[in-house]
Amino acid sequence: MSTQDLSSTPETRMLNLKLRIWRQDGPHAEGSFLDVDADQIPTDASFLEMLDIVNERLIEDDVEPVTFPHDCREGICGTCGVMINGQAHGPEKATATCQLHMRKFNDGDQIVVEPWRAAAFPVLKDLMVDRRAFDRIIEAGGYITAPTGTPQDANETAVPKEVADTAMDAAACIGCGACVAACPNSAAQLFTAAKLAHLNVLPQGQPERWKRTEAMVETMEDYFGSCTNHGECHQACPKEISLDFIAFMNRDYIKSKSKNRSLASQ
Amino acid sequence: MLDAKIPEGPIAEKWDNHKFSVKLVTPANKRKFDVIVVGTGLAGASAAASLAELGYNVKAFTFHDSPRRAHSIAAQGGINAAKNYRNDGDSVYRLFYDTVKGGDYRSREANVYRLAQVSVDIIDQCAAQGVPFAREYGGLLANRSFGGAQVSRTFYARGQTGQQLLLGAYQALAAQIKAGKVTLYNRSDMLDVVVKDGRACGIITRDMLTGEVRSHSAHAVVLATGGYGNVYYLSTNAMACNVTAAWRAHRKGALFANPCYSQIHPTCIPAGDEFQSKLTLMSESLRNDGRIWVPRLHDDTRSAADIPEAERYYFLEEKYPSFGNLVPRDVASRNAKTVVDEGRGVGPLKNGVYLDFAAAIARDGAEAVRERYGNLFDMYERITGEDPYTLPMRIYPAIHYTMGGLWVDYNLMTTVPGLYCLGEANFSDHGANRLGASALMQGLADGYFVLPCTIGDYLAPRLGDAPVPTTDPVFAEALTEVDRRTRGWTEVKGTRSVEHYHRELGKIVWEYCGMARNKTGLTKALSEIPALREEFRKNVKVLGSPDGVNQQLEKVNRVDDFMEFAELKVRDALHRTESCGGHFREESQTPEGEALRNDENFAYVAAWEWQGPDADPVLHKEHLSFENVRLTQRSYK
Ligand SMILES: Cc1cc2nc3c(=O)[nH]c(=O)nc-3n(C[C@H](O)[C@H](O)[C@H](O)COP(=O)(O)OP(=O)(O)OC[C@H]3O[C@@H](n4cnc5c(N)ncnc54)[C@H](O)[C@@H]3O)c2cc1C
Ligand code: SF4
Ligand code: FES
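Residue numbers (our numbering), protein chains in the order written: chain A, 1 to 266; chain B, 1001 to 1637.
This is chain A alone, in the form it adopts within the complex (with noise of 0.2 Å):
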């Protein structure tokens, strides 16, 4: 037999639930909510999954399917996430939406699923979103210049492991938004410091640090609320990134203004 060679297992416990999904045909237009009446849904799915189902059943009742963004399904690569219930990617803790399971849900359940709600985050469609202003932030500064082909043997610089480690917790960050959909001034504060301390802490991220971090903050602002210290960024965050960086990227940029300005006054 085949993987592919599929019926439900004996062992999966099948769910009805009542979804509201928010629909919104553009960035422009009003949206309302769709309510769905999601039967036998299966345990083992990935909420996801249920979507798919979902979508699957609107199709044959000639209803357009729901917009939702997604791609690696494995927490990687930053693209799903939606409020489940108003909490960005839902119930559990450091789980992107793609890797939630409805196992964690219980049958008769009510679960409104909406777009992450930000002004930088405008809707595109549905459930998806336009999240363009956290690349904005990265153009402005979030990069190390080494043009192709100029660097030296990689082991010339030693990076000690402790600031390695540090350098990996902050660049472990998916950019998928949850920390602005989460927090209630749509802040960018936990996404922005999470890239700024990865290059920041690094040897190789030395010569570009003040002007980088000035930089970035101030993009960032462009686009994004102010941070009130609320930690609610953190407890969406799929990558659990600590709120120590955001202390360290407030460090940073204040002393960016003097450095940068002694710099340039050279």
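Hint data in this document are derived by calculation from the structure and do not stem from the laboratory. Heads up, some of the hints might be wrong.
To be verified - The calculated lysine to any residue pairs, modelled on SDA-like cross-linking and capped at a C-alpha distance of 20 Å, are:
1) B:1555 - A:53
2) B:1541 - A:52
3) B:1541 - A:53
4) B:1005 - B:1603
5) B:1178 - A:147
6) B:1023 - B:1457
7) B:1101 - B:1589
8) B:1555 - A:58
9) B:1493 - A:58
10) B:1538 - B:1554
11) B:1178 - A:136
12) A:104 - B:1386
13) A:104 - B:1273
14) B:1019 - A:147
As the list claims (entries may be wrong) - A partial selection of chain B residues facing chain A, derived with a Cβ cut-off under 7 Å:
15) 1073
16) 1129
17) 1141
18) 1467
19) 1471
Even for Gly, the Cβ is constructed at its ideal location relative to N, Cα and C.
Using the hints, position chain B with the ligands against chain A.
Chain B with the ligands only, in chain A's frame:
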């Protein structure tokens, strides 16, 4: 005939000789050339950034919302490089040798040697960009041995190597976007390549937000659009991976090489049910400590704990005493298939084998096992709801990587002048089987180091030529055709969803052109695929408007291309009556049941030429000669 343009000289000097002999575009003249790069995964992002740094005007396209989402992001294990930092006898030559042998002698020696040479520079480049590779306490780079290699040459960033390498390339690209040297077209689906007077001159895209179809022209076009693993429907690839860009180029004259080669990864979580949308890879490193077994009894319904030791069949350990559970991917996969086919499969659908950590936990303690594999165990539990510390994991092989792709010469140019292909989308360096941690290496070698050098050879003589204007009839014609095709789907008004047809196609391809292939099955597939394709084109149901976001419409074009591609894949598998690497023909095996190559008749690259929708493709052969590596039959006994 097919000329791979392999440079003269001894193998170790070919790349240097070539770099010296290619024509150059002077720094001041580079800005006079426009280059289109489709795809912003590792191969595309590294190429686009590097070309822009050199001074070319780059237009980069991706169907993702951001380059950082490309499928490359999901690679876990690591990237190889012949640094020999561990002093364990590694060298450029050894990496070259291992790759040619691992590819079962179906790759081009000169390309593989260059790959091994360049691998060293990749690590330097990525470290300089701030990729947080794992480090030793002294601050120097850490390595591990990966996928059965006898040396430790794999560099890694926790279990997220692909993510970190892609972020490095994406950030380099972002810097060039800011500098104005790259224009990024995100959410743009490339649906055709435009060719004028035999040369690639541009592409047609569909804006995935507005549905608008547009023409883009340039002096050269580069495709770095990834692999075709999703022709199987279920694979470890991201949902959006597809063959469209390569297939459309094929229809415009680019030969497609070795489409039958695909790699199966032995340690994936088996499918649970019909609605399963993808398969999840569990790192191969698990085989270092897990023992693979099934019940000796057929159709055994007891739970694992109730099966006494004597009634457990450790099939890899028994059959391959020296390599045991660490045999290469294809051997491990085929043996799992054999026992499952015999009715010894485990789990509710009897479609898996056990990967058991009980011995490792008894020997080293649960804490030590958690230390090594904690993340993977958590992931497994999240997906299956089962605790691998107390129950053995269930695993089964899944499609993971595709070695075939557009045929390219040593310069990475396809058979259409001016059209290049990089990364997983080309066929080049892995022969019939890819070694672990080599895809990331190849994508970045192509993008950072090879293309930026070789593209000049094509462009230099064209200095002063303006790109073909998008008002040219070739563009108008291609654009009209793309628009007609795309809109047409919403008018079919059939009864079954796109997903349904993709799933049906996947079943056929997996059944007859999956882990093991034979003439009867392949012949059957060759009649079933066109029938399914015909039904699909008449009966698919795509709702909604073509003039806006429409995920069904995006997918239907891709499935349509898979339907045509699948036929070519099966045809290639049918013609190659030998077994090699990931291509196992049941008719060609040793008395012990191992893959048996036929070097006399099949030491060639099979490159297929499109002849139109109703005609059989024509086979071209690039003969492979091995001057530096002696051909041997692999043995893991
Ligand atoms: C789960 C998993 C783990 C892996 N682990 C490893 C590992 O440890 N080591 C290793 O070496 N390899 C690994 N691989 C393989 C490796 O990740 C891939 O082969 C490699 O990343 C492919 O890179 P790429 O740049 O060629 O293509 P991709 O990363 O697939 O990028 C394709 C790009 O093309 C774009 N695109 C495609 N078609 C179109 C179109 N028609 N129009 C517009 N844009 C288009 C996409 O948007 C994307 O930007 C793994 C693969 C998987 C599935
Ligand atoms: S910080 Fe966390 S929540 Fe925010 S984008 Fe990164 S991974 Fe997502
Ligand atoms: S789909 Fe990639 S993170 Fe969820």
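Earlier hints that do not hold, by number: As far as the earlier hints go, 18 and 19 are violated by this structure, in ascending order.
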